[in-house]
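Colleague: One-letter residues, chain by chain:
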Amino acid sequence: MRSFSGRGWTASLICLSVVVAACATGGGSSGPPLAGCKSGTTLATFWTSHTPPDSDSLKHVIDTYNGQSTVGCVKMVQVPGSETDVTKLMTAVRGGSGPDVYMLDRFTVAERAAAGVLTDLTKYGAGNLSSKYVDFAWKEATFQGKPYALPLDTDVRALWYRKDLLKAAGVDITPLDPANGPVTIDQVRTMANKVNQQDASGAYNVIGFVPWVDQGWHYTWGFDFGGSFFDSGTCKVTPNDPKIVSAFTTMFGDWAKALGPEKAQTWVSSFLPPNNPPQQWPFLTGKTAFIITGDWPLNWVKQYKPDLQYGVTYIPVPKTGDTPSTWAGGWSLVIPTGAKHADAGYDFMKYLAGPDGMKTYVTETQHLPTWKALGSDASLYQGDHVFFATKLLPVAKSRPPIPVGAFYWDQLSTAQDAVVRQSATADKALADVATNTNAKLQQFCPLK
Amino acid sequence: MTVRTVERPLAVEQRPRTGRRRQRPLAGLFQAAVTPRVILIGMCVLYVVPFYWMATTALKDNPELNIYPPTLWPQAPNPGNFVSAVRYIPFPQFFINSVILTAGTAIGAGISNPLIAYGFARIRWPGRDLMFAIVMATIFVPFPVLILGLFDVFTKLGWIDTFLPLIVPAFFGNPFYIFLMRQFLLQLPIEISDSARIDGARELQIFWHIILPLAKPAVAVVIIFAAVAAWNEFLLPLIYLQDESRYPLAIGLQFFRSQHNVQYNLLMAASTLVVLPVLGLFLAFQKFFIEGVSVGAVKG
Amino acid sequence: MIAVPRRLRLGKKDRSSLLVALPFVGPWVIGFLAFTAYPIYYSFTISFTRYSGFGEATPIGLTNYQHMYADPLFWKSMYNTLYYVALAVPVGLVIAIALGLAMNQRVREVAIYRAAIYAPSILPVYALTFIFIVLLNPRFGFLNYVIVTLGGPSINWLGDPGWTKISVVILAQLGAGGPALIFLAAIRGIPSELYESAALDGAGALRRFVYITLPLLTPVILYDLILGLILGLQIFTPAYVLTQGGAGAGAGQYVAGPDNSLMFYVLYLYKTAFQFTDMGYASALATVLFLVSVVLALAIMRTSKSWVHYEVT
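Chains as they are written, first to last, in this note's numbering: chain A, 1 to 448; chain B, 1001 to 1300; chain C, 2001 to 2313.
The hints are simulated quantities; they were obtained by calculation from the structure and are not laboratory data.
Hints may be right or wrong, so weigh each one.
Claimed, not checked - Subject to a maximum C-alpha distance of 25 Å in a straight line, what follows is the list of computed SDA-like cross-link-like pairs (lysine to any residue):
1. B:K1156 to A:T337
2. A:K243 to A:T190
3. C:K2076 to A:T337
Here the structure is a predicted model, which means the values were calculated and not measured.
The task is simple: from the sequences and hints, build the whole structure.
Modeller: What follows is the structure in structure tokens.
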């Protein structure tokens, strides 16, 4: 064991030089910046945190773009990240090494714009596109009246139900047919309770409906009860809107109490633990008969249980005759501050978020478009997706685009959790949300 | 603690410890051979469960993942998952990157920490104790505090999206390893250095020719700890590397999870592959490794 | 350090010893200035500003520190972290010593046991938490299976705010193999003559452990306590991965576990900095954590004089 002999040093020097060489590679040459691009185009980098299959589709769009564009040549980079965690983008932009185009959760556009991470797109004429996109998506893409993003896809929430489980429990499922309009919450409660199954120890094997899991969020039920989360006039969040309080009380507090809060939470931890693989989604495994979720599980059904007997309808409403609602999220494209090839980047954005690029993307991924003209094109959708695109998208609401959106979301989630576990009343929990969030929001007021 | 420990063989000592045991062979045999094994196997079961779960899940097919309760052994083990996992992400590229980062960090740690620790342990100079207190205090700085400032430093150096921010700091010492090395060097009798000084040796020569050979086990510990940490490091590469062709495996694992999906069995297959090299390293160097720890850490 | 103030008037001998030490300690000084001191200084200055990380920082004096006092999440995350440390450090110590003793058993195939016990500590935390969630499933998990078989209650580990931190403590024990190795080495360093003479005096195994092994392990125990304290106060990754809902068909609508019971301090700091882009407040949080760490570590060091034995007495 003669460590640190001369040989060891030589070896380590070689290692080091390998490292340095590895770092130093790269650099440009004349001709097209990348294979598949036209010469004379400018290389623009595009970051997304999406992974296959979505990133595969993005690649297709990019290949088409690169083949025809005389302006830009796009290189896509998959970066780790999630909806609100933009550590990587933040640090990179700060260091002047950010991408030219970034795919950002649209509801955080205002927040990132307020922080100075995004480029105002007015000078590229993005403002002229406002009428091309669905209303809520465009609103999310702006901050203080200026466009900071081009909207890409969207997603909406619905009530899914298992026909087989409900029939086996003796439930008449005709009211659930969306052709009959939305069902009421009371109707769903009655149906769901017939499906509940407990074992000898009292633990739930099956719960008909747990309204606070999956996409049963504060916003879902708050909008459903007609609540309003933000008052732009006073520049204050309004989580203690009586309608939201009533939504929290009915769907979280009282519902959990009726099931037994602890038993219900044990069911949640057993069948919906964090990072649960989609194969074990309780709706697929028959552990629940109703669930509020988006359109993306259509892919899971196709992949993991194609023979599933299920249906999709409106989110149940408080009273007969109420208009149905849902909320929509989705992604957008932005140019981070300090982008080196912003012009080429914008050219690509316009393509991907325009009719051609978005059409390819939403068709391949079965996401929903924000380009108005594509929404009404039923040929883009298969099966139940038609319902999402044609019935739900038009009634969709969206989260208020405020510069403390991520904080507000966390606060609402904390309140939801407290109400479900019966540790606070809806009134109290939501009043706290208002206090905490408005304290943070104040510095950005007034908002245009 | 004395240096003697270094030479203490780690191999099993079979000799009976007391005269009493020799008189009662049967009970003694039971006590020496059966009881410890029962305890050890019991403990190991607890520690092997996560591994077992990882390896068996890695062999399961997609349909089997939705069986409740989960199956303990794959119904139809599918080693093809390992192939799929390697193809799902650019595994060979990530692997090479991990190796470069790990090797670079380990070399840096192996060079810098003994050198620095020597300066704190075996040379007297004014302000040394204060300076050592500062070294220890840096342990208490939460990393998120440093992220922004560090990023600025590396940006100015033009090192973003290279391996340098991940490797170069290792060449400037790490307080944990400095501490470990210093504890070891303090135990070596001061006379060794003194006699060399009388012979006119310079301090670097003493370090190089006399102390370092004696400190090899401790250096090995530092290298192995640094290597394992670098192999699994997550947050740093996440921040400093941008092009996916430079990502290490620890980050690559994230790609098995997407916004609405987790490739659970593939993630487990890839994780198994990520762990195996380190586990192999541990098994191969266990003897050396444990001896190395023993000399460094005992005198807290 | 190099630029010694003239007033100090170092003697010739002092100056030459500084020159001798310089090549050794110099690298650390450079690294410290570039990679630690500057970022800390930077962070400390912006803790007195409102700053998103971009554009101009607005000086706001002590506002960030005042805000902390009224911030329920600051108190919650501080409480969670101290609670976790108070639990994880002693438990970790006992487990590490127990594992160290077990690894020291004189059986032929002990190398295999050592590897098995050490193995989980080299698993990437990212993968480990995935596995851990499965093992902690209240209905189908391994842990509850064992507990219920032994006649205990079924525990909702990650869904009951009273148990979540204990779950993370258990998770941390899967990494106890590392510290256990250090204890193993220390135990092996104890001269066997001490045990032999004690055995001749008729001391049983327990007495030998209490009067010989334990006192001789106290320096390592101190090292482990400090290490455990630091790692405990900065606990981040398990909470970060365990609490990421949304992905996959995941989970409860938690921010950081039920009742925010897994909102640890550094997680909150990280969220404040990189999700809420409030660098000023995040830096103020960091400064406070640094102070708390130093105070706790000094307290342990203070008491250590009375219980750490460097020699057998």
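Colleague: State for each hint whether it applies.
Modeller: Here is how each hint holds up against the structure:
1. B:K1156 to A:T337: holds, 18 Å
2. A:K243 to A:T190: holds, 23 Å
3. C:K2076 to A:T337: violated, 35 Å
This entry does not satisfy hint 3, going by the numbered hints stated previously; all others are met.
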